Amino acid sequence: CNMLIDQHQQKGVGLIEVLVALLLLAIAVLGYVALQTKAIAASQESILKTQAQSVMKGLAENIRTNNSSRHLYMNAVNHFLSSTTKPKDCGTSECTSAELVNFDAYSAKQYANTFGLKVGIAVCPGMKTDAAFIRQCIFVVWGDTVLAESNAVLDYSQCMSSSTGVYVENAKCLMMEMY
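Per our numbering, the very first residue in the sequence shown carries number 7; after that it's consecutive.
If you're looking for bench data, these hints aren't it; they were derived computationally from the structure.
If you're wondering where the values come from, they're calculated on a predicted model, not measured in any experiment.
Hints are supplied without guarantee of correctness; some may be wrong.
Here are the simulated DSS-like pairs of lysine-lysine, each with C-alpha atoms no more than 25 Å apart in a straight line [as the list claims (entries may be wrong)]: (1) K124 with K94; (2) K124 with K55; (3) K44 with K134; (4) K92 with K63; (5) K178 with K44; (6) K124 with K178; (7) K92 with K124; (8) K44 with K63; (9) K178 with K55; (10) K63 with K124; (11) K55 with K44.
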């Protein structure tokens, strides 16, 4: 009789154990999915940073190559933030140094656009504009971070502080100094 009572009290216990095990498994799977989502987002951010560095390095190399017109690049690159006018194609025809500036600026914009990036050039944060040598910086932004050009001056305030050079929290951008 005692055996019958024990069996009667055990009815449904196996089912509860299975449900608890399934609940624990579901929590573990949700944790894994959340971890994978974070890993994918970090990987995508890393890819964008690599592409931004490629854009900046390419533009900096073009500027070094056309050093005699270095002073024209800032306005040309920033002009193409909003302009869609295609300049003379220096890849297929001979160009002056100034025409090469516009071609390089337009090409950098097009290359950046293929990755969803925007590119601009400004006087580096903390530099005085009356200095004998003005150090310039290339900025590349993506996502919700915006570069704006106004009166030939690049506004990169959504990316970093112009006085301290500290990145704005959660800004999606990179900056590279050119020498």
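Status of the hints after comparison with the structure:
For a cut-off of 25 Å, the pair hint linking K124 to K94 stands: about 21 Å separates their Cα positions. Pair hint K124 plus K55 holds up; C-alpha atoms about 12 Å apart against a cutoff of 25 Å. Pair hint K44 plus K134 does not hold up; C-alpha atoms about 41 Å apart against a cutoff of 25 Å. Between K92 and K63, the direct Cα distance comes to roughly 22 Å. Compliance with the 25 Å bound is thereby established for this hinted pair.
Restraint check: the Cα-Cα separation between K178 and K44 comes to about 16 Å, which is no more than 25 Å; the hinted pair holds. With a C-alpha separation of about 11 Å, the suggested pair K124 and K178 falls inside the 25 Å cut-off, and the hint holds. With a CA separation close to 17 Å, the supplied pair K92 and K124 stays within the 25 Å bound. This hinted pair does not check out: K44 and K63 have alpha carbons roughly 29 Å apart, beyond 25 Å.
A threshold of 25 Å between alpha carbons decides the hint, and for K178 with K55 the separation of about 9 Å falls inside it, so the pair holds. Our distance criterion of 25 Å between C-alpha atoms is met by K63 and K124, whose separation comes to about 14 Å. For the proposed pair K55 and K44, the alpha carbon gap of about 17 Å is at most 25 Å, so the pair holds.
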